Amino acid sequence: MRKTLVVTLATVAISVAALAGADGHADPKQIEAAVKARQAHMQLYSFHLATLGGMAKGEIAYDAEAAGSAADALVSLVQLPQGGYWLPGSDNASIENTRALPAIWAADSKVGEAAGAMVEAAMAMQAAAGTDLAALQGAIGAVGEACGGCHKPYRASAN
Amino acid sequence: MRRIITRTLLAIIALIAIGLWVTRPQALAPGTLSGIEGDVARGEIIYAAMGCASCHMAPGSEDRLVLSGGKSFPSDFGTFYAPNISTDPDHGIGNWSDAEIASAVLKGTSPAGQHYYPAFPYASYGRAEVGDVVDLIAYLRTLPADQSPSRPHDVGFPFNIRASLGGWKLLFSGSDWVVTGTLTDDQIRGRMLVEGLGHCGECHTPRNALGGMDTAQWLAGAPIPGKDNERTPDIRAPSLDWSAPDIVAYLKTGLTPEFDSAGGEMVDVIANMKQLPDDDLNAIAAYLLIVGTDTP
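Line order of the protein sequences matches chains D and E.
Each residue of the first sequence is one higher than the last, beginning at 1 in this note's numbering.
Each residue of the second sequence is one higher than the last, beginning at 1001 in this note's numbering.
Certain hints may be false.
Once the Cα atoms are required to be at most 30 Å apart in a straight line, the calculated BS3-like pairs of lysine-lysine come out as [to be verified]:
hint, chain 1, residue 1, chain 2, residue 2
1, D, LYS110, E, LYS1071
2, E, LYS1227, D, LYS29
3, D, LYS36, D, LYS110
4, E, LYS1071, E, LYS1107
5, E, LYS1107, E, LYS1274
6, D, LYS110, E, LYS1274
7, E, LYS1071, E, LYS1274
8, E, LYS1227, D, LYS110
9, D, LYS57, E, LYS1274
10, E, LYS1227, D, LYS36
Sample of chain E residues with no beta-carbon within 10 Å of chain D, all distances over it, derived [what the hints assert, rightly or not]:
hint, residue
11, LEU1010
12, ILE1016
13, VAL1022
14, GLY1031
15, GLY1038
16, GLU1129
17, ALA1145
18, PRO1152
19, ALA1163
20, LEU1171
21, VAL1178
22, ALA1216
23, ARG1231
24, GLY1254
Distance ranges between label pairs, derived from CB positions [unchecked claim]:
hint, chain 1, residue 1, chain 2, residue 2, range
25, D, ARG99, E, ASP1176, 36 to 42 Å
26, D, GLY84, E, ASP1185, 52 to 58 Å
27, E, ARG1007, D, ALA158, 54 to 60 Å
28, E, GLN1275, D, THR131, 22 to 28 Å
29, D, GLU120, E, THR1032, 46 to 52 Å
These aren't lab readings, by the way, just hints derived from the structure by calculation.
Predicted model only: the values in this text are computed from it and were never measured.
We put the CB at the ideal spot given by N, CA and C, even for glycine.
Throw the hints in and build the complete structure from the sequences for me.
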């Protein structure tokens, strides 16, 4: 478990570090595709969180198997390399249709750390989700907090 | 002719003097706190409800207990900087009496008898109970000291004349409630948490030209100062259209009914709100569900 976590964190760190090193001259078509891809990625988080969060709220009856597979999906998602779709030049100061702030690509960006926290929260959820409802409810707050870890500093509010 | 000018000037000076006297900074009446004992454990909850850390912890800090200040608040009137309110006797408020701290929170008046700028949300805190503030003070006194000096506000003329804030206070602060009528106990508790301690209106209600909250647009969402094209959302019940469990789950986890997450400043608000007991979160939901409706 410990080893998996370390390997995973390293993978995330590398994929996020790739953001900084990537060529800053993607063409508009690439940028558009990249924005669509990362928004789809967020949509997938949301889809699986709807199962876990719905159970935590009592809107969906708790089911250990369904909860476990939603948490597994969450863990798979957080481990996907994302470097390809967080292209430099795809921030909200450069293009329309995104709320991604330029700070993501700044030299002092802490997206790597935030992504690491997301991995930890997802893994804690994976360990908890299939156990029982109380365990799931205990883990959902940290997942939401990890989402906020990026959405506080790096996503603009809606208008 | 000369006599008329002299008399007119004297009259103007007299009017200004009366105006300044009427709007002078007011402390709490002496003895207001006598016999009230602060409860540290309750104070910790009040601290979370009032969101002190969100503004007074150092920018970028994650330590919600070190109130060293320094966070900037851009506005139409200048940029304000949250002061150090840690227990440090020189740079913080360690040397202040309970009455001085309570006057600051409830009346917006400093120990030196000056008006605070309403970036400090006393226009909302003024609705709080004295007992809650005494509990808060008992808790604040347990927090660590920090020696960072407070940064002066960057506010130009004429807004740097603090005496003029007395008129502002007269117009836009006080202890009156926005939502009135026949409310349930839960809605009344929620009103204290939303309109008072939680000061939700400070960000979620648009402001008029003088910077006062436009209560006709209570919680209707507002531009975010210093951010182009960003707004806080309209959280009146008909616009938001969330159920009570939706609101409670959001305040605990930051996850919306669509399973998006809170962003921006609201992330810090959630960090505070999730420390409140379930009864309080249910009360907030009960209150929010009547805002913007004809129910009360």
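A quick look at each hint next to the structure:
| no. | hint | result |
| --- | --- | --- |
| 1 | LYS110(D) with LYS1071(E) | holds (19 Å) |
| 2 | LYS1227(E) with LYS29(D) | holds (28 Å) |
| 3 | LYS36(D) with LYS110(D) | holds (23 Å) |
| 4 | LYS1071(E) with LYS1107(E) | holds (22 Å) |
| 5 | LYS1107(E) with LYS1274(E) | holds (28 Å) |
| 6 | LYS110(D) with LYS1274(E) | holds (24 Å) |
| 7 | LYS1071(E) with LYS1274(E) | holds (23 Å) |
| 8 | LYS1227(E) with LYS110(D) | holds (21 Å) |
| 9 | LYS57(D) with LYS1274(E) | holds (14 Å) |
| 10 | LYS1227(E) with LYS36(D) | holds (25 Å) |
| 11 | LEU1010 | holds (52 Å) |
| 12 | ILE1016 | holds (42 Å) |
| 13 | VAL1022 | holds (39 Å) |
| 14 | GLY1031 | holds (43 Å) |
| 15 | GLY1038 | holds (29 Å) |
| 16 | GLU1129 | holds (29 Å) |
| 17 | ALA1145 | holds (27 Å) |
| 18 | PRO1152 | holds (26 Å) |
| 19 | ALA1163 | holds (35 Å) |
| 20 | LEU1171 | holds (28 Å) |
| 21 | VAL1178 | holds (23 Å) |
| 22 | ALA1216 | holds (22 Å) |
| 23 | ARG1231 | violated (5 Å) |
| 24 | GLY1254 | violated (4 Å) |
| 25 | ARG99(D) with ASP1176(E): 36 to 42 Å | holds (37 Å) |
| 26 | GLY84(D) with ASP1185(E): 52 to 58 Å | holds (55 Å) |
| 27 | ARG1007(E) with ALA158(D): 54 to 60 Å | holds (58 Å) |
| 28 | GLN1275(E) with THR131(D): 22 to 28 Å | holds (25 Å) |
| 29 | GLU120(D) with THR1032(E): 46 to 52 Å | holds (48 Å) |
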